[in-house]
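Chains as they are written, first to last, in my numbering: chain B, 1 to 262; chain Z, 1001 to 1240; chain G, 2001 to 2349.
Please keep in mind that the hints were generated in silico from the structure rather than gathered at the bench.
A couple of the hints might just be wrong.
[Said to hold, decoys possible] Here are the simulated lysine to any residue pairs, SDA-like style, with alpha carbons at most 20 Å apart: (1) B:Lys224 to B:Ser4; (2) G:Lys2082 to Z:Pro1132; (3) G:Lys2109 to G:Arg2137; (4) G:Lys2113 to Z:Pro1132; (5) B:Lys224 to Z:Gly1099; (6) G:Lys2109 to G:Asp2136; (7) G:Lys2109 to Z:Arg1135; (8) G:Lys2113 to G:Asp2124; (9) G:Lys2113 to G:Gln2146; (10) B:Lys224 to Z:Ser1184; (11) G:Lys2175 to G:Gln2146; (12) G:Lys2175 to G:Asp2124; (13) G:Lys2109 to Z:Gly1099; (14) G:Lys2288 to G:Ala2341; (15) G:Lys2082 to B:Lys224; (16) G:Lys2082 to Z:His1151; (17) G:Lys2113 to G:Gly2130; (18) B:Lys8 to Z:Pro1046; (19) B:Lys8 to Z:Pro1045; (20) B:Lys8 to Z:Ala1053; (21) B:Lys224 to Z:Val1080; (22) G:Lys2109 to Z:Gly1227; (23) B:Lys8 to Z:Leu1036; (24) G:Lys2082 to Z:Arg1150; (25) G:Lys2109 to Z:Ala1053; (26) B:Lys224 to Z:Pro1046; (27) G:Lys2175 to G:Gly2303; (28) B:Lys224 to Z:Gly1186.
[Stated by the list, open to error] Pairwise CB distance ranges (calculated): (29) G:Gln2023 to B:Val9: 55 to 65 Å; (30) B:Leu102 to Z:Leu1049: 50 to 60 Å; (31) Z:Trp1149 to G:Thr2062: 21 to 31 Å; (32) Z:Gly1099 to B:His211: 25 to 35 Å.
These numbers were taken from a predicted model, which means no experiment stands behind them.
Glycine included, each C-beta is placed from N, C-alpha and C at the ideal position.
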Amino acid sequence: MTQSRGFKVFRAVGLLVFAAYFFVPLLAMLDFSTQVRGSAPGRTWGNWAFMVTDEDLRSSIVASLLLALFTVVLMVALLVPTMVWVRLRVPRARGLIEFLCLLPLTIPALVIVVGITNVYSWVTYLLGDSALVLTFAYVVLVLPYSYRAIDAALSAIDAATLSEAARSLGAGWFTVIVRIIMPNITSGILGAAFIAVALVLGEYVFASLLHFDTLPVAMAALYKSNGPAAMAAALASMILVAVLLVGLTFLSRDRHKQGASS
Amino acid sequence: MGNLDALTSEAALTALRGSLVLSGSTALIGAVLGALLAYLIVSMPPHSLVRRATMAVSGVLAQFGGVVLAFAWIATIGPVGVLTAAVSDLLGADLYGNGWLFGLPGLVVVYSYFQVPLMVIVFAPAFDGLRPQWREAAVNLGASTWSYWRHVALPLLTPAFLGALLLLFANAFAAYATAAVLVSQGQPIVPLMIRQAITSEVLLGQANVGFALALEMIVVVTVVMVGYNLLLRRTSRWMR
Amino acid sequence: MTDPSTERGLAVDLVDLTRVYGQVRALDGLTLHIEPGELIALLGPSGCGKTTALRILAGLDTATAGTVSVGGRDLTRVPANKRDMGMVFQAYSLFPHMTVIDNVAFGLKLRGKDGSSRRRRAGDVLDLVGLGEHADRFAHQLSGGQQQRVALARALAIEPSVLLLDEPLSALDAKVRVQLRDEIRRVQIEVGTTTVFVTHDQEEALAVADRVGVMNAGRLEQLAPPAELYSAPASRFVGEFVGLSNRLPADVRDGVAAVLGREVPVLPGSTDGRGHALVRPESVSVVKDADGGATVATVMFLGPLSRVTCTLSDGTDVVAQLASSDALRLEPGDAVRLEVAPSPVLVVA
């Protein structure tokens, strides 16, 4: 069905409005972040350098990045073998696992925090109060998104048939999972990892209410004393997340090409 | 159970009303504008650069971490925001006014910012569920474009639309970070009341109020999500 | 049941229809005349243009050149929703949110018929296809075959001038396919609508059609009644696409071909001199003969018939089709003589 000229014009205008909607706040942040303090005229990148020079901010950045890394590792180590195993050996448990993994979606993070404040004080007592302790909570928070990414990848490659073929040729279960299935779902694992990182870098509810010093918490606190620097940090984290998420869409495009053969 | 009385206090009821208004209005705005935008996007060929870029951008915006979102809007329409300055220079009007950005009205504007892309992501696939054979069959039987939309496409899309609307509602209701950064005085919505309850060191016994409020949140969100799931099932039955 | 008026069957004319997509010529000058009330099957491999032709006729696609006329009226520029045709798609075309009867009545609703006459007419057509009791069910509650029957009813409810079927049976199980194709033919004869039936299954085409149009690479190779198509193919493509054919060495002189030691007349379109004759397996007889010049290679039992593959002295394989009672006497390795029936053959290069 061909589209009329009027429709195409309307669409172009609509998309332009959307583009403005998207870019204006970002440009505003960029503008803010490059201002010189004390409303003096001129532009400076000093605020951006603040992320490296200021010790508190730097340590919070490192904490967040490490937290993201640990969360991803723990998530992959937990989720991938479990999901593959369930899909291949215990298909009946699949509904249960899916329900458990999607559960965190329906319970607001805020509610979880209220419920576990007491638990967490006990956890920090045992494991110390570095922000890395948040890893366990974050793994739970990213479960729904990571589950979906890996589940989609597993569905696309027909894991059952591949594993049966490998087993009939003599492979043991470890080989099947590590050498047959996992290489074929890399895009799904990467996708899960990317989303996890994006979520961890922006997570504020848990970190602030449990009094951990991660990047979002530090940014919010910094705003009161040094607005432009806080803006720079915020924009930087947003760009990183954007790059990850855009990379994700390109990954899923490749996966469609791969799965098309089935 | 005395804690449940806390839910009926005036402050709690005001907060609940505020949350419902915030969630309802931004869900509606997000759903209508987002559905329109999703339609425009889906009308482009699947591999066109513009379409893929717009979907990617929507994905990013919908995941906007609360803190960054708050900052972005402060930078735009805050007291020294870019848009505030532009409007004051060009039109002489005061966009910032008495600081409405840092209260409930501000939250409505800011939340809508991520509700629209979220709607695009959640609702755009519904258009893919509209099989081309339905349109061709309708046209073949004599339907004009308007008839097709009225009798076939819109009825089929309605469950998905309502489901997405509910999802947007739950999303706004449960959101915390952006409000926490923007609003420092007062508790116009439930999540901020919870914040006050569990971080307050002055008033003892407040933690239990927090629990009660959290319970209230769970009830609302669960009811909405159950409705969402029912609508989801209707959609998938029709558009397998 | 509404009386089929003579208005139902209108003649259809496709003249010089061409459809080009970039480098691809999906249709290359297709010209076709369909008599009122006739069922024409368009048969061919994927990509031959049969579906493209159907869609252009329906108005769902536009031709690059050529015209479409129905009942003498030029419809080339008329939009699809004003062409008064009924189309049955391969699958998934029933509106999932409407009951069966609402689906069938949809075209009538668009034409402004009031509720009770819509219900009556829709009910009548549903009875015609044998699904009267399923009127209030939904598409997902019906089997594939039932859904296609509803689709047929929906297309017929509006009393179209032309009925179009786009591979309506391809998505169904084999047994259902055979049942449903007979149904479709029965209904079509009863209602009398001019019909175009697109398929890639030659058995289907031969079974239902008044005439079959074999298409290849955007062109019409031959348009003829099924029997003629089978026994007198006009080109090599038709001869090899429809039914099985042996390619036997032949020598043509003065309109007569020498095949396996016998002289048979040739069909128009045959080459001259040395070539290959397209001979059907059932036209080859096998007789035990020590000096026959051929040896039995395999005997394949297929029920009432058997296929016997023999090898000639020059190495050519020939497939013969015999009654199993005759084939029982043959064994691999037997020396045999092959004879060709005296019916005309097409000789190609």
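Status of each hint after checking the structure:
1. A C-alpha spacing of about 52 Å is found between Lys224 (chain B) and Ser4 (chain B), which places the hinted pair above 20 Å, so the restraint is violated.
2. Using a Cα cut-off of 20 Å, the hinted pair Lys2082 (chain G) and Pro1132 (chain Z) holds, with the two alpha carbons roughly 19 Å apart.
3. Restraint check for Lys2109 (chain G) and Arg2137 (chain G): satisfied, since their Cα atoms lie roughly 19 Å apart, inside the 20 Å limit.
4. Taking the CA atoms of Lys2113 (chain G) and Pro1132 (chain Z), the gap is about 26 Å. The hint is violated against a cut of 20 Å.
5. About 16 Å separates the Cα atoms of Lys224 (chain B) and Gly1099 (chain Z), which keeps this hinted pair within 20 Å; it holds.
6. Of the pairs offered as hints, the one joining Lys2109 (chain G) and Asp2136 (chain G) holds, with about 17 Å between alpha carbons and a cut-off of 20 Å not exceeded.
7. A threshold of 20 Å between alpha carbons decides the hint, and for Lys2109 (chain G) with Arg1135 (chain Z) the separation of about 16 Å falls inside it, so the pair holds.
8. The hinted pair formed by Lys2113 (chain G) and Asp2124 (chain G) meets the criterion: a straight-line CA distance of about 15 Å does not exceed 20 Å.
9. Among the hinted pairs, Lys2113 (chain G) with Gln2146 (chain G) is inconsistent with the structure: their alpha-carbon atoms are about 26 Å apart, more than 20 Å.
10. About 11 Å separates the Cα atoms of Lys224 (chain B) and Ser1184 (chain Z), which keeps this hinted pair within 20 Å; it holds.
11. For the hint pairing Lys2175 (chain G) with Gln2146 (chain G), the CA-to-CA distance comes to about 13 Å; that is within 20 Å, so the pair holds.
12. Between Lys2175 (chain G) and Asp2124 (chain G), the direct Cα distance comes to roughly 26 Å. Violation of the 20 Å bound is thereby established for this hinted pair.
13. The suggested pairing of Lys2109 (chain G) with Gly1099 (chain Z) is violated, with an alpha-carbon distance near 56 Å, which exceeds 20 Å.
14. For the hint linking Lys2288 (chain G) to Ala2341 (chain G), the alpha-carbon distance of about 17 Å falls within 20 Å, and the restraint holds.
15. The straight-line distance between the Cα atoms of Lys2082 (chain G) and Lys224 (chain B) is roughly 67 Å, outside the 20 Å bound, and the hint therefore fails.
16. Pair hint Lys2082 (chain G) plus His1151 (chain Z) holds up; C-alpha atoms about 18 Å apart against a cutoff of 20 Å.
17. Distance check on the hinted pair: Lys2113 (chain G) and Gly2130 (chain G) sit about 23 Å apart at the alpha-carbon level, beyond 20 Å; violated.
18. Our distance criterion of 20 Å between C-alpha atoms is met by Lys8 (chain B) and Pro1046 (chain Z), whose separation comes to about 16 Å.
19. Of the pairs offered as hints, the one joining Lys8 (chain B) and Pro1045 (chain Z) holds, with about 13 Å between alpha carbons and a cut-off of 20 Å not exceeded.
20. Pair hint Lys8 (chain B) plus Ala1053 (chain Z) holds up; C-alpha atoms about 18 Å apart against a cutoff of 20 Å.
21. Distance hint between Lys224 (chain B) and Val1080 (chain Z) is fulfilled; the C-alpha atoms sit about 14 Å from each other, no more than 20 Å.
22. At roughly 33 Å between alpha-carbon atoms, Lys2109 (chain G) and Gly1227 (chain Z) are farther apart than 20 Å, so this suggested pair is violated.
23. A C-alpha spacing of about 14 Å is found between Lys8 (chain B) and Leu1036 (chain Z), which places the hinted pair at or below 20 Å, so the restraint holds.
24. Using a Cα cut-off of 20 Å, the hinted pair Lys2082 (chain G) and Arg1150 (chain Z) holds, with the two alpha carbons roughly 18 Å apart.
25. Our distance criterion of 20 Å between C-alpha atoms is broken by Lys2109 (chain G) and Ala1053 (chain Z), whose separation comes to about 41 Å.
26. Restraint check for Lys224 (chain B) and Pro1046 (chain Z): the C-alpha separation of about 45 Å exceeds 20 Å, so the hint is violated.
27. Restraint check for Lys2175 (chain G) and Gly2303 (chain G): satisfied, since their Cα atoms lie roughly 18 Å apart, inside the 20 Å limit.
28. Among the hinted pairs, Lys224 (chain B) with Gly1186 (chain Z) is consistent with the structure: their alpha-carbon atoms are about 18 Å apart, no more than 20 Å.
29. Roughly 31 Å separates the CB atoms of Gln2023 (chain G) and Val9 (chain B), a value that falls outside the hinted 55 to 65 Å.
30. Between Leu102 (chain B) and Leu1049 (chain Z) the C-beta distance comes to about 33 Å, which lies outside the given range of 50 to 60 Å.
31. Range check, Trp1149 (chain Z) to Thr2062 (chain G): Cβ separation about 22 Å, and the 21 to 31 Å hint holds.
32. Between Gly1099 (chain Z) and His211 (chain B) the beta carbon distance is about 28 Å. The supplied range of 25 to 35 Å therefore holds.
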